[in-house]
Amino acid sequence: MSQSSSPGPRPDPSVKNPSAKERPAEAPSKDPSAENSPAGKTLLRMARPRATKANALAALLAILLGFAVATQVRQNQSLGLESLRQSELVNILDNTTLRSSRLDQEARDLQATRDQLVSGSTSGAAALKAAQERLDALRILAGTSRARGPGIRMTIGDPGDKVTAPLLLDAIQELRDAGAEAIQVNNIRIVASTHFNQGASGVEIDGKSVTGPYSITAIGDPATMSSAMEIPGGLSENARQLGATINIDQVKDLTVGALHMPIAPRYARPVPVPAPT
Amino acid sequence: MIPALGLLVGLAVGLFLHPAVPLALQPYLPIAVIAALDAVFGGLRAVLDGIFNDKVFVVSFLSNVVVAAFIVFLGDQLGVGSQLSTGVVVVLGIRIFSNVASIRRHLFRA
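Note that the protein sequences, when read in sequence, are chains A and B.
All residue numbers for the first sequence refer to this note's numbering, where the first residue is 1 and numbers rise by one.
All residue numbers for the second sequence refer to this note's numbering, where the first residue is 1 and numbers rise by one.
Treat the hints with care, since some could be wrong.
Ranges between beta-carbon positions, derived for each pair [said to hold, decoys possible]: (1) V90(A) to V66(B): 25 to 35 Å; (2) V66(B) to I92(A): 31 to 41 Å; (3) S101(A) to L107(B): 52 to 62 Å; (4) T97(A) to V66(B): 32 to 42 Å; (5) L5(B) to G40(A): 52 to 62 Å; (6) L107(B) to V90(A): 44 to 54 Å; (7) S101(A) to V100(B): 47 to 57 Å; (8) L98(A) to L15(B): 21 to 31 Å; (9) V100(B) to L98(A): 36 to 46 Å; (10) Q86(A) to F108(B): 40 to 50 Å; (11) G40(A) to L17(B): 33 to 43 Å.
As a list, the in silico SDA-like pairs of lysine to any residue whose alpha-carbon atoms are at most 20 Å apart [said to hold, decoys possible]: (12) K41(A) to R109(B); (13) K41(A) to G50(B); (14) K55(B) to A59(A); (15) K252(A) to G220(A); (16) K162(A) to S201(A); (17) K53(A) to I2(B); (18) K41(A) to V100(B).
If you're looking for bench data, these hints aren't it; they were derived computationally from the structure.
For glycine and all other residues, C-beta sits at the position ideal for the given N, C-alpha and C.
Could you put together the complete structure from these sequences and hints?
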């Protein structure tokens, strides 16, 4: 059917590597000197346009061939995955799946690291907050910080110099019992180490002489503290028996402004506590 | 001459029109193109051998294309489409090479 399928007179040469030994095989079949011009002539003769039906058909086929070549080349350039065969697609899918799972693993690792870091920083912030709260509490306890809040202001007028240190100490103890958190007498902040002394010139608090009228400011629950002051047989009654006047005001917002200078302990040393884990 | 011009016209049309190959034809077009090229080179060789015949060329062209496409179709139906395509391409490539070798001997005597 096809012309090229009809074997030529020559033996089929080794195509990709035409070696010198083909030449003797073709030499006897044709005269080398006369070959070139007949070949050119033949080509020219056959190339002349002839108005035969078969020639037109051949031209049509050639147009189709050129069209198909161009189309296929363009198609091949523009095609992505759909031009691949099933096995290649499966291969690509496998690779993609593998890569995806690797990336998933990596994402999980990074997520875990991130969670760790975030929780670490939040627990650090929580620790900082707790430490700050503890510091605030300790500063109020130690009297190194001003305190502010609801409380009572109590004034003990002492016209006859009858008020003694034990009475003031009683007042302080009653206030503490009623939940006072920060206490100030005149300009002296009352802390754990505060001592009351009955000196020659009158009442001494922390070695400083204090004279009436005594103004006591206490921060705490105002109602509880004022009722604690007023209970029968309590501070108010004792003070009035001594001839002093006592006046109690409940205040919504007052400030304990006096500060206590802490003294570095000379003898006491803290016992190390194992850090909580 | 006219077929050669036709080839160029077809190439130009294909390049300018950007036609899309129908999905059903996609596996067969490359094989058909190679089969047609084989027919073209066979025809050229027949011209140089002095035995060219228009009718034979047209018939061989069409039958080459049809048979190549059919082989690929059969291979796809049997599940060995890619292997058969490769085989067809190899066979047609060998024939193109041998035809070109014969043409070369006619033109350059080498």
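Tell me, which hint numbers fail for this structure? 5 and 8
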